[in-house]
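Chain residues, written in single-letter form:
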Amino acid sequence: MSGALVLGVVASAVMSGTSLLYATLGEIVGERAGIVNLGLEGIMLIGAATGFAVTALTGQPYVGLAAAATAGTAVNLIFAYLVVGRRANQLASGLTLMFFGLGLSALEGRPFVGALIAGLPKVRLPGLGPAGLGGGFMNDDILVYLAVPTALLIWWLLFRTTWGLRLRAVGESPSAAVAAGLDPARLQYQALGLAGLFGGIAGAHLTLALTLTWAEGMTAGRGFIAIALVIFAKWNPLWAIAGALLFGGAESLQLQLQAAGADVSPFVMNMIPYLLTLLVLILWGWNRQSAAPAALGRSFVGVE
Amino acid sequence: MVRIPLLAAAGAALAALLAPGSSVAQDKPPLTVGAIYVGSVNDYGYNRSMKDGLEEMKRNIPGLKLIEAENLPETAESERVMEGMIQQGAKLIFATSFGHQQFAFNLAKTHPDVYFEHAGGWMQAPNFGNFFGATQAAWFPMGVAAGKMTKSNTLGFVVGLPIGYAIGNVNAFEMGARSVNPQAQTRVVVTGGWADKAKEAAAATALIDQGADVVTMHVDSPATIVQNAEGRGIRSIGFQSIAARQLAPKGWLTGLGFTWGPFMTETANSVIAGTFKPAMVRQGLGQGMMAIAPFGEAVPDEVRALVTAAADRVGKGFNPFTGPLVDNTGVERIKGGESWGGDKMGNFDWYVEGVIGKAK
Chain A
15 MSGALVLGVV ASAVMSGTSL LYATLGEIVG ERAGIVNLGL EGIMLIGAAT GFAVTALTGQ
75 PYVGLAAAAT AGTAVNLIFA YLVVGRRANQ LASGLTLMFF GLGLSALEGR PFVGALIAGL
135 PKVRLPGLGP AGLGGGFMND DILVYLAVPT ALLIWWLLFR TTWGLRLRAV GESPSAAVAA
195 GLDPARLQYQ ALGLAGLFGG IAGAHLTLAL TLTWAEGMTA GRGFIAIALV IFAKWNPLWA
255 IAGALLFGGA ESLQLQLQAA GADVSPFVMN MIPYLLTLLV LILWGWNRQS AAPAALGRSF
315 VGVE
Chain B
93 MVRIPLLAAA GAALAALLAP GSSVAQDKPP LTVGAIYVGS VNDYGYNRSM KDGLEEMKRN
153 IPGLKLIEAE NLPETAESER VMEGMIQQGA KLIFATSFGH QQFAFNLAKT HPDVYFEHAG
213 GWMQAPNFGN FFGATQAAWF PMGVAAGKMT KSNTLGFVVG LPIGYAIGNV NAFEMGARSV
273 NPQAQTRVVV TGGWADKAKE AAAATALIDQ GADVVTMHVD SPATIVQNAE GRGIRSIGFQ
333 SIAARQLAPK GWLTGLGFTW GPFMTETANS VIAGTFKPAM VRQGLGQGMM AIAPFGEAVP
393 DEVRALVTAA ADRVGKGFNP FTGPLVDNTG VERIKGGESW GGDKMGNFDW YVEGVIGKAK
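Chain order of the listed sequences is A and B.
Those letters in the first sequence? Residues 15 to 318, per our numbering, in order.
Those letters in the second sequence? Residues 93 to 452, per our numbering, in order.
Read the hints as simulated data drawn from the structure, not as lab findings.
Please note: incorrect hints may appear among the correct ones.
Unchecked claim - Short derived list, chain B residues pointing at chain A, Cβ under 8 Å:
(1) 254
(2) 279
(3) 282
(4) 284
(5) 287
(6) 289
(7) 294
(8) 295
(9) 302
(10) 376
(11) 450
(12) 452
The beta-carbon is built from N, C-alpha and C at its ideal position, and this holds for glycine as well.
Bound-form chain A, shown alone (with noise of 0.2 Å):
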């Protein structure tokens, strides 16, 4: 493998897993307090769709990028009504929100589709470029930038306060959280409206820095994958980073591979992504000590 392809597989899969990683983090959130979001897809279109739309119209792209945040969180709490409010079922309720994330992107987005926009100005930032190689240079936007010290904020969050160990309280045990005097319902909610926040976001990176156009649907699966990569990081924000790059890179890497030359049909090529997050998914089930929350996927009824 020669340089120019290593850089090149770099740089395309930190690209790529920014927005994988965002919407993984948020995953995380929600499901270390117990709620589990199918709908994920849905939320990250709605954040892709309102940011493109809103971009558009104002010409701002921080402004489109904010819009989207606050697109996600709403549409996200109205899930959590749904499910902590009225205890539907999680499942069941995610994908529902699924397809109302599909369809009212897809509502929202229709007047803007081929509407050119400017996209998240790209940063140049010294002596970060890929060790010893090319220019030392990152040439990316600022949410590239973030991504990383957002896990490690929500590593931080989760494990060196006392809001994250409440949450992860209520998502091992509500009962036992109310016991010591939490509130499940206001945690969840809260945790909820974070995991839309950068449900949003995810989904605005896709059309703001990634591909700077819409289509309907355009995210392609990226939610579900966001949600088997909490698994692949055991519900921990720093393992994450490398599930999301791990996979962002494997589909860079197949395209570039592609591009140079394989002698692999191209549809096998295609595959590596997913081949990889199952064989990733089927090791990781070996290890018979679940790091799941124990509460996860449960409706809190509340103690008598």
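We have chain A; now place chain B onto it with these hints.
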């Protein structure tokens, strides 16, 4: 005394306005046409070209009514929507995406008085025909443009799905490039779908990283790839619709577009006259359905002349798929003296010499 003529004039005008059969009443349209698109017409690509053709048909036949539905997936949903259009009086339906074929065909059986034209397929019935551009040979002049304008001798081609027709396009492109530049090579990346924008962006990046300084594509919309290339200062050649030129003011070289208007007008007129004949229509460059986009500023006159000359050759019947042709692994695929005609264009599962990639 002046008042009476005024009053009379006002009265007459009022009577005319209120009289039945005045200009308020609508004439019955000569034909109601329904059209379904798989994507959005704002895609600078395939769907845009279909929309442009239908608008031309509408302009050519005054009073024609057009009902459209965008973003229709290639599922039974499309059948329901087409049925709805028939209920609204459509007598001619254009099913513009390949995957709509079976559903349109089902309706053709249950509605023998409605006519259907499907893009890209092969099914036939008394009220069902197909049409498409003969794209493969038309890529030859595109290759000529790319071969002349490249400095790195590496060309990039993004393919959605490696179906025979797409591989044929790549082959003709490379052969056109080689005809003016024997060193030119084409690298191919397959994204696995006709409209995955994120993958298209990454594919374009991969090709540029591997040294391509001209990129082109066979996907539904050239927009993402053209924009991506423009962002990195790379030249591009468009496909599907010539509207994508606006996206790359500096890097645009040329492009291939579909001009469906004349065929659609002809078909609509035949339905009105009651002379519709089902057929499998394939028209290439110079035959009405395909056209070459305006050249970009970067293209010098001598290159324009070469491309136009190559296009004329194709229009007059030049078939680049004439033997002996060897594929990129050294196996002879078309023997000397033989040539592959239009009916064989879906059979390509090999790339010609000079293409770097694996076809299957």
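Checked hints:
no.: 1; hint: 254; in the structure: 6 Å, holds
no.: 2; hint: 279; in the structure: 5 Å, holds
no.: 3; hint: 282; in the structure: 4 Å, holds
no.: 4; hint: 284; in the structure: 4 Å, holds
no.: 5; hint: 287; in the structure: 6 Å, holds
no.: 6; hint: 289; in the structure: 4 Å, holds
no.: 7; hint: 294; in the structure: 5 Å, holds
no.: 8; hint: 295; in the structure: 5 Å, holds
no.: 9; hint: 302; in the structure: 4 Å, holds
no.: 10; hint: 376; in the structure: 27 Å, violated
no.: 11; hint: 450; in the structure: 6 Å, holds
no.: 12; hint: 452; in the structure: 6 Å, holds
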